[in-house]
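Using the hints, position chain B against chain A.
Protein chains in written order, with my numbering: chain A, 51 to 459; chain B, 51 to 459.
Hints listed in this document are in silico derivations from the structure and should not be mistaken for laboratory results.
All clues given are correct.
A few chain B residues that don't get close to chain A, going by computed Cβ distances all over 12 angstroms:
no.: 1; residue: Ala395
no.: 2; residue: Ala417
no.: 3; residue: Arg452
The calculated DSBU-like cross-link candidates involving lysine-lysine, where the alpha carbons are at most 35 angstroms apart (straight line), are:
no.: 4; chain 1: A; residue 1: Lys456; chain 2: B; residue 2: Lys277
no.: 5; chain 1: A; residue 1: Lys277; chain 2: B; residue 2: Lys406
no.: 6; chain 1: A; residue 1: Lys277; chain 2: B; residue 2: Lys277
no.: 7; chain 1: A; residue 1: Lys277; chain 2: B; residue 2: Lys456
no.: 8; chain 1: A; residue 1: Lys406; chain 2: B; residue 2: Lys277
no.: 9; chain 1: A; residue 1: Lys291; chain 2: A; residue 2: Lys406
no.: 10; chain 1: A; residue 1: Lys277; chain 2: A; residue 2: Lys406
no.: 11; chain 1: A; residue 1: Lys456; chain 2: B; residue 2: Lys456
no.: 12; chain 1: B; residue 1: Lys406; chain 2: B; residue 2: Lys456
Here are the in silico distance ranges between beta carbons for each label pair:
no.: 13; chain 1: B; residue 1: Gly357; chain 2: A; residue 2: Lys277; range: 48 to 58 angstroms
no.: 14; chain 1: B; residue 1: Thr356; chain 2: A; residue 2: Glu457; range: 26 to 36 angstroms
no.: 15; chain 1: B; residue 1: Asp80; chain 2: A; residue 2: Gly210; range: 48 to 58 angstroms
Bear in mind the structure is a predicted one, so any value in this text is a computation, not a measurement.
C-beta: ideal position from N, C-alpha, C; glycine also.
This is what each chain is made of:
2 protein chains.
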Amino acid sequence: MSEARVTRIGLLGRGTVGGAFHELIADRADAVEAASGIRPEISGVLRRSEGDFESILEGSDLIVELIGGIDPARDYVLRALRAGKPVVTANKQLVAQCGDELFEAARSAGVQIRYEAAVAGAVPVIRVVQEGHGVLPIERISGIVNGTTNFILSEMASTGASYADVLARAQELGYAEADPTDDVNGADAAAKMAILARLAFDTRVGLEDVSFEGITEIRPDDLAYAKDLGLSLKLLGVAEKHGGAISVRVFPCFLYRGHPLAPVEGPFNAVTLEGPTISEITISGPGAGGIETASAVLADVSSILTGEAPVHFADRRLEILDDLESSFYLHLEVADEPGVLARVADVIGRNGISVKSVVQQGTGREASLVMVTHRAPERSFYAALEQISDLDFLGAAPRAIRVIEKEYS
Amino acid sequence: MSEARVTRIGLLGRGTVGGAFHELIADRADAVEAASGIRPEISGVLRRSEGDFESILEGSDLIVELIGGIDPARDYVLRALRAGKPVVTANKQLVAQCGDELFEAARSAGVQIRYEAAVAGAVPVIRVVQEGHGVLPIERISGIVNGTTNFILSEMASTGASYADVLARAQELGYAEADPTDDVNGADAAAKMAILARLAFDTRVGLEDVSFEGITEIRPDDLAYAKDLGLSLKLLGVAEKHGGAISVRVFPCFLYRGHPLAPVEGPFNAVTLEGPTISEITISGPGAGGIETASAVLADVSSILTGEAPVHFADRRLEILDDLESSFYLHLEVADEPGVLARVADVIGRNGISVKSVVQQGTGREASLVMVTHRAPERSFYAALEQISDLDFLGAAPRAIRVIEKEYS
Chain A
51 MSEARVTRIG LLGRGTVGGA FHELIADRAD AVEAASGIRP EISGVLRRSE GDFESILEGS
111 DLIVELIGGI DPARDYVLRA LRAGKPVVTA NKQLVAQCGD ELFEAARSAG VQIRYEAAVA
171 GAVPVIRVVQ EGHGVLPIER ISGIVNGTTN FILSEMASTG ASYADVLARA QELGYAEADP
231 TDDVNGADAA AKMAILARLA FDTRVGLEDV SFEGITEIRP DDLAYAKDLG LSLKLLGVAE
291 KHGGAISVRV FPCFLYRGHP LAPVEGPFNA VTLEGPTISE ITISGPGAGG IETASAVLAD
351 VSSILTGEAP VHFADRRLEI LDDLESSFYL HLEVADEPGV LARVADVIGR NGISVKSVVQ
411 QGTGREASLV MVTHRAPERS FYAALEQISD LDFLGAAPRA IRVIEKEYS
Chain B
51 MSEARVTRIG LLGRGTVGGA FHELIADRAD AVEAASGIRP EISGVLRRSE GDFESILEGS
111 DLIVELIGGI DPARDYVLRA LRAGKPVVTA NKQLVAQCGD ELFEAARSAG VQIRYEAAVA
171 GAVPVIRVVQ EGHGVLPIER ISGIVNGTTN FILSEMASTG ASYADVLARA QELGYAEADP
231 TDDVNGADAA AKMAILARLA FDTRVGLEDV SFEGITEIRP DDLAYAKDLG LSLKLLGVAE
291 KHGGAISVRV FPCFLYRGHP LAPVEGPFNA VTLEGPTISE ITISGPGAGG IETASAVLAD
351 VSSILTGEAP VHFADRRLEI LDDLESSFYL HLEVADEPGV LARVADVIGR NGISVKSVVQ
411 QGTGREASLV MVTHRAPERS FYAALEQISD LDFLGAAPRA IRVIEKEYS
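Looking at chain A on its own, in the form it has when it is part of the complex (with noise of 0.2 angstroms):
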């Protein structure tokens, strides 16, 4: 027999995800020598207080970033890839923001990096998406991605509480940061649907090209809305190719009972592929736990180590459409007084928008009015919009949230 072969991996971080993947490594090692021939071992670990990146660098085959954040994790991963050392990082917003970069640096040294743990932890999106690439065609990728915000809404749909109690009860369980405000404002999530919309469109796609909507205007009334008609409202991430062009965007939306998205409660993650071959692909399972990340972290390794082909590189960059179509929920709060739906319907229509239904709630100066219009142009409901803003019957500003129907019945 002869002496197995090692690679050394150099670790940077040892949060949450790093710690567990220190022992998923101790433990797995054994399975990933059985498949691949290559036994795996953490050559050098980098803290924030302890440990030099250079000699960490130097005495490693292949570096797993899970620092997070750009500075210091991009410079490493530059250099690391610059070295000729593969990397698997769960960065999502390095990869995200400063993918063309990294993606070049590895082209040029001829090396890999992944990046499944960016997206949905566990969940094996990136490697269904690029397995599928270019020989299955995708046409629109839709996915919950924060499992923080996905955990408030059920919470809130369940329990009637309001948005602010709900965060205060998902930060004592765990499930929301001290500081949320990239979760709940939908930042995280557009980031991972800047690393999808690349990957399945083959274009090189940024997060600015993500335009992103979070859920702190929700109200219990919108949740009561959605359960009144069955629709779940949850914070959606939607890619899709129009032609030569794409769209990549994050909102709040109702969807209709039946979408494969709609049963998805609490802190999961779930991501639905559709394209003219597959039909549509759901894949879910539990967020970013640490346990789970690092599983994809180590997948990750193992495929490099196997050789498995090396994720993708898009050369092209197609163009982002923002001016869509979409129906929308709109939600008033108005003094009920004769002429007042009147007034509001004559506003939507002289921007083109024809209304589907209209529900008014309760009586008095607590009476709000609830309208869903059929598919228009966004720029006109938004049109329409800041002028019922300004009709002077409101109590509050009007709330707008999307609403996806079922395309095919």
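Okay, now just chain B, sitting in the frame of chain A:
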């Protein structure tokens, strides 16, 4: 520019899937060539009434087997492998029943056999199980892997119609075949679970190792009960590790609300993988339509051309367990007389089974008694069931259905 390399594909079978594959190859040849550098071309087609296998084999570099059934598919696939030609097949019965022989032939010849399309059409479950293999251990696979039966159960649940009526409707709609035996008795699902268990647990498993029950005895009453309690009734395949042994079974069962497979409706397929590092991952999509199955075949062809690692071959054989523990729902049609419940409870208690809930529905000669038991050895439950069958006040044979409860809450 050098001339493109070409792979000549011998296509066996030109039914629905074969026809879809033929068209798909024409449509996606450029994409496969872009991904692999090799252009796929159909060099020969074997139809029932036309073509000679030997000359097709001789004129091809790769065989796609879409005939179905054991004979002559087994002979053709073995001859192709022994001639050193890789094979892609969508034939679940062939892989489940002749797996050891096929994989041994492939290994001896040093060529690949791939079979993504044999389970769940375009849903890439083979791929996901294979890639986690060994590195990310799987402890349990649960699957809705037969679209016909899921369609029938969904329709029975939503309409209250009988099994026979819904089956007739499924046949009209093309969701069930003229002879639906293999679907409705669980044999089709059993073959797919054998394939998944082999791959996930790295063990030789054949169709003969899988115990299966179908849905032909399910009554509208059972679905009404499920609806009242918010449960879903599904035909489930379950493959589990129990230490160094495994079990592989197919049975109808009630799933608790929130089970990842509970919301899967209509002719869809879905598979949930569970393990200590991945937690749980669910993959779902439409079952085996022509284009979806053809796309899975094309993905396998592309994997071979791009040089992806072959599907792992199992060398070991783990023990198959068949005495497991379950909770059961028990439905008895009884005359509503004093002492009936006491006599049933006595039989159950004497077999060491404890009862979780009892509900009597209706009165007089039309009454029914619905019990749900706590988990107990299935052997004990079936012993009790046999004794209950002998009781003189039963209006019909007792019906028993497993109940899958939430393990962690």
